[in-house]
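*Asks:* Below are the chains, spelled out letter by letter.
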Amino acid sequence: MIQEIQNLFGPVYGWILAMGIAVSLSCAVLGSFLVVRKMSLIGDAISHAVLPGLAIAFLFSGSRATIPMLLGAIAMGMTTSFLIEFVSQKSFIKKDAATGIVFTSLFAIGVILISLFADKIDLDQECVLYGEITFIPLEPHFYLGNLDLGPYPFVIMSGVCLVVVLVVILFYKELVLTSFDPALALSLGVPVTFIHYLLMGLVSTTIVSAFESVGAILVVAMLIAPAATAYLLTNRFSKMLLLASLFAVLNTFFGLYFAIRLDASVAGGIAVAGFAFFLLAFLFSPSQGLVSRAIKRA
Amino acid sequence: MPRLRLKTLKADNSMLSILAVKIGEITETFFLEQIVRFLRFEDPSLVTSLFGCVLLGAVLSLLGSFMVLRKMSLMGDTLGHAVLPGICVAFMLTGQKALLSTFAGAMISGLLGVLLIGWIVRYSRIKPDAALGMILSSFFGLGIVFLTMIQKTGTGNASGLDKFLFGQAAALSRSDVTALAVVTLICLFLVLVFYKELKLASFDPHFAAVLGLPVGLLQTLLMILTTVAVVASIQAVGVVLVSAMLIIPPATALLFVKRVSSMLILAIFLGMISGFFGAFLSFLGPSLPTGPFMVVCAAFFFGLAFLFAPAHGIAVVFFKRRARRSRTIRENILKSIYHFFEGKNFAEERVTLEDLAAFRSETVLEIKKSVKSLVGKKWVQKEGDWIAFTQGGKDLAVQLVRRHRLWELFLVKEAMLPADHVHADAEELEHILPESVMRELEDSLKHAKFDPHGKPIPS
Amino acid sequence: MILKNFPPIELHDVTVSYHRRPVLWNVDLKIPEGKLIGVIGPNGAGKSTLIKAIMGLLPLSSGWIQVYGKSAKEQRGILGYVPQKESVDWDFPVTVKDVVMMGRYGKIGLIKRASKQDRRIVGACLEKLGISSFADRQISQLSGGQQQRVFLARALAQESEIYLMDEPFVGVDAATESAIILLLKELKNQGKTVLVVNHDLQTAQSYYDDILMLNMRVVVFGPTRQVMTTEWLHKTYGGRLKILTDAAAAVENAQG
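Quick note, the sequences are listed as chains A, B and C, same order. Read left to right, the first sequence gives residues 1 to 298 (this note's numbering). Read left to right, the second sequence gives residues 1 to 459 (this note's numbering). Read left to right, the third sequence gives residues 1 to 256 (this note's numbering).
By construction, these hints were calculated from the structure, which means they are not laboratory data. Mixed in with the good hints there might be a few duds.
[Said to hold, decoys possible] Quick list of the computed label-pair ranges, beta carbon to beta carbon:
1. B:V257 x C:L182: 52 to 60 Å
2. C:D200 x B:V257: 37 to 45 Å
3. B:H206 x C:K70: 21 to 29 Å
4. B:F203 x C:L182: 54 to 62 Å
5. B:K196 x C:W64: 47 to 55 Å
6. B:K196 x C:L182: 35 to 43 Å
7. A:T193 x B:K196: 15 to 23 Å
8. B:T352 x C:K242: 52 to 60 Å
[What the hints assert, rightly or not] Taking lysine-lysine pairs in the BS3-like style, the calculated list, with each CA pair at most 27 Å apart, reads:
9. C:K85 x A:K94
10. A:K90 x B:K127
11. C:K85 x A:K38
12. C:K52 x A:K173
13. B:K71 x B:K127
14. B:K413 x C:K242
15. A:K239 x C:K70
16. C:K4 x B:K258
17. A:K239 x C:K107
18. B:K449 x A:K95
19. B:K258 x A:K94
20. C:K4 x C:K116
21. B:K413 x A:K95
22. C:K116 x A:K239
23. A:K296 x B:K127
24. A:K38 x C:K52
25. B:K258 x A:K90
26. C:K128 x B:K449
27. B:K71 x C:K116
28. B:K446 x C:K52
29. B:K369 x A:K90
30. C:K4 x A:K173
31. C:K52 x A:K90
32. B:K449 x B:K344
33. C:K235 x B:K413
34. A:K90 x C:K235
35. B:K369 x B:K382
36. B:K446 x C:K128
37. B:K71 x A:K95
38. A:K173 x B:K196
39. C:K235 x A:K173
40. B:K455 x C:K242
In this text, all values refer to a predicted model and were calculated from it rather than measured experimentally. Glycine residues also receive a C-beta, built at the ideal position from the N, C-alpha and C atoms.
In isolation and in its complexed conformation, chain A is listed as follows (with noise of 0.2 Å):
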């Protein structure tokens, strides 16, 4: 067991770890926002509706490149959250028949796209929805000048990892602002769905950055798990930003070590261990624990 807790740490999974936590940090900062806000399920919708994005991305740049990618992950992302607000608002739909009406139908026409051009896209399609961190081509690495950066997908998530964490402090004011009381914030003249594309944004970014090595349906558990578990543990939101991310951590290294013991799917196991802590924390949180509180009362 030590052995295998010291192969985590070793050249093959030492950067899958890296890369499962990159991933996981991300999804953890965001998704404590989206659980704030009700949103939870925007990251389920918006992981199935970009696989048009990348599919029109694909087609017009012929290759799997990243920037383009992600640009169209993007806009498709923004897209989706736009015509959710459009169709919720201008019918009596409401808002998460919208939601689950919007994501599906463009998430067909991605499917459609893919098979109409299957021999335009080279786009694994069991890959995008399952995802496998496994699988990440660990060579090349990325070089600073002489500077070992790792391999390249680790490099570029933790890049996106960076800029989310970035965004989140430079605007952290508003972001809670605007999700606890945006009449407020609109008073305050705090730019209220500036900040809320800023966000979905984000959500894009990171969701596509993570297909490869969780899926569009796994990610998901990423945004969510944390940061449900956190919002149980703590008062504040900031305590609950920090220890979403310490789940994010452990999540990783549970879901990773199991995982290979099982010989299972990664992702899947950092699911569940996401699942595991927080049920945890929804039985046994010292303040909102289900147990905790009837022995309090008891």
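Fit chains B and C to the known structure of chain A by using the hints.
*Replies:* Only chains B and C this time, still in chain A's reference frame:
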């Protein structure tokens, strides 16, 4: 040697990754021939999958209607994902994809997921959206873990579990379709039997509980039925598109109708049509997937409804407003003619284009155009250079002026607004107020004869 | 910026609609400076709508609103807002202090952090409302009255010239009620203008300098003693609304 292990898994995966659902591949001929072939319904495997698509469109739309009504649209999506670990465990235990064990496994894990969502929302401060997302993704994650473990055993392909995400309508066997038909009939039967209970429990669960209806039981029944329908459909269209069929046709129906019963019927109809066209379109070319075409059809109908639904379609609203604007302009000119006559104490009820243009401070050319449209409406008639009301036009003008002046009087007398404020408001409402409100106005104003500016109110 | 030649709030011929249905008709108002004003009227009379329209949170169908001679947008810095308590999620993981600090965000500006001065002001506002001892508590752990005090402290932290409060007395205990009254009086003594939507006619009678009676339009606006008569109350709360409501429905229908 971990890399080696991964390589074999990759090879396995890419075999699965050939995009599913290619009814078209059953037969490959030319486009038009394909259409003819399709419409003859001779190809038995085509007929089977066509039946399957239409049936699943119907049953998913039926059950999805209740979810949409209860504002739990995404419950179906969650349910669809949450059944995966159950299906995998059933496969691991029995070693085969048997209908009964698959249903049992799916049912257990699906219902467990629903139960957990309920608990999380009730016993913690987690909101429903996060609880749904939580269960959806973590159950699915667990399923993926099991799935990857099954694939290692080498029986993975036999399990058919790889069709979970995209489905494969062409792979529907006769017995699958029979099962789907049975499920549809059972659902239809139970919904008919418990129709009014389900309706009330969806609309107002608290009131239903007060009436002594077993709300919890009804909800469980609905969840069980939905789980069964979802499991029966997943291998044809895949999990994401199952949620689409649960939401889109009912939401489309909701844009048209006001009653639950008509919503159900319309939703089922839309679901079936989408199923039919989905199968048809994917038949037209090689390697075209059925499920996504079904969903795109459903989405197309939704788009049409969103634009053109009689009451609230946005295009309908747009055209209504435009029509109202041009009517308002016409009516204003009609009113001007009345005012012109009134200024002359109705001594002579006709006016020249030049005088009317001067009266309205417009050019003769503009007035000429407007009067033409009034003539077209048969509100006025032209006798040489003179313009005069027709009987209908005169009645309408009197109505407009009456509405205008009554509303002004109401605002001043009863709403206590200053007299110089009421004109703009009356300008708008004179084109809108229905006769019923006019009666109320007259009654409350005791059939007054003059407006706040001292002008007579015609009748 | 305060332009002394202008009234704190002026509405001219303002009509506000929700989903195209007019809820306030042709409102003309000039709110005098330094007064405590109660807004009363039946449910659906447009009281909250009036407040939100002044805050610039709702689009106007017609007319204009000025705050000290300028638009609300330009005058954000001098408008303090106390929304209805239900308008936010009280499970949100923020502490009392965090929420009160939000009142300073307009002054702090985008991206920048709170200064020592901001913290001192927040501390003072907490003190004034008697909630310093809960400063680090999460807001769901407060009673209804305490939650209302948090909102008031937050508005106070905005250091505004004009305060608009939407039903601050709903669901509060007697102690909070008298704390709010005290605060209102103090604001008035400092020369601030305060507009309070009030449900309870009893309290309205004794607290306010002026009363604005609203029922889809301004029924009457004047000194409390003059307008708190059975006749005006009857005009505000009794009948007559039906025609306005029917007309509003007709407008909504006509516009689809």
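*Asks:* For every hint, state whether the structure bears it out.
*Replies:* Okay, the hints, checked on the actual structure:
no., hint, in the structure
1, B:V257 x C:L182: 52 to 60 Å, "holds (56 Å)"
2, C:D200 x B:V257: 37 to 45 Å, "holds (43 Å)"
3, B:H206 x C:K70: 21 to 29 Å, "violated (49 Å)"
4, B:F203 x C:L182: 54 to 62 Å, "violated (47 Å)"
5, B:K196 x C:W64: 47 to 55 Å, "holds (53 Å)"
6, B:K196 x C:L182: 35 to 43 Å, "violated (56 Å)"
7, A:T193 x B:K196: 15 to 23 Å, "violated (44 Å)"
8, B:T352 x C:K242: 52 to 60 Å, "violated (45 Å)"
9, C:K85 x A:K94, "holds (24 Å)"
10, A:K90 x B:K127, "holds (25 Å)"
11, C:K85 x A:K38, "holds (18 Å)"
12, C:K52 x A:K173, "holds (23 Å)"
13, B:K71 x B:K127, "holds (14 Å)"
14, B:K413 x C:K242, "holds (15 Å)"
15, A:K239 x C:K70, "violated (41 Å)"
16, C:K4 x B:K258, "violated (55 Å)"
17, A:K239 x C:K107, "holds (25 Å)"
18, B:K449 x A:K95, "violated (51 Å)"
19, B:K258 x A:K94, "holds (15 Å)"
20, C:K4 x C:K116, "violated (31 Å)"
21, B:K413 x A:K95, "violated (44 Å)"
22, C:K116 x A:K239, "holds (22 Å)"
23, A:K296 x B:K127, "holds (24 Å)"
24, A:K38 x C:K52, "holds (24 Å)"
25, B:K258 x A:K90, "holds (17 Å)"
26, C:K128 x B:K449, "violated (60 Å)"
27, B:K71 x C:K116, "violated (47 Å)"
28, B:K446 x C:K52, "violated (37 Å)"
29, B:K369 x A:K90, "violated (36 Å)"
30, C:K4 x A:K173, "violated (34 Å)"
31, C:K52 x A:K90, "holds (22 Å)"
32, B:K449 x B:K344, "holds (19 Å)"
33, C:K235 x B:K413, "holds (12 Å)"
34, A:K90 x C:K235, "violated (37 Å)"
35, B:K369 x B:K382, "holds (13 Å)"
36, B:K446 x C:K128, "violated (56 Å)"
37, B:K71 x A:K95, "holds (9 Å)"
38, A:K173 x B:K196, "violated (50 Å)"
39, C:K235 x A:K173, "violated (47 Å)"
40, B:K455 x C:K242, "holds (26 Å)"
Hints 3, 4, 6, 7, 8, 15, 16, 18, 20, 21, 26, 27, 28, 29, 30, 34, 36, 38, 39 from the list above are not met by this structure, while the remaining hints are.
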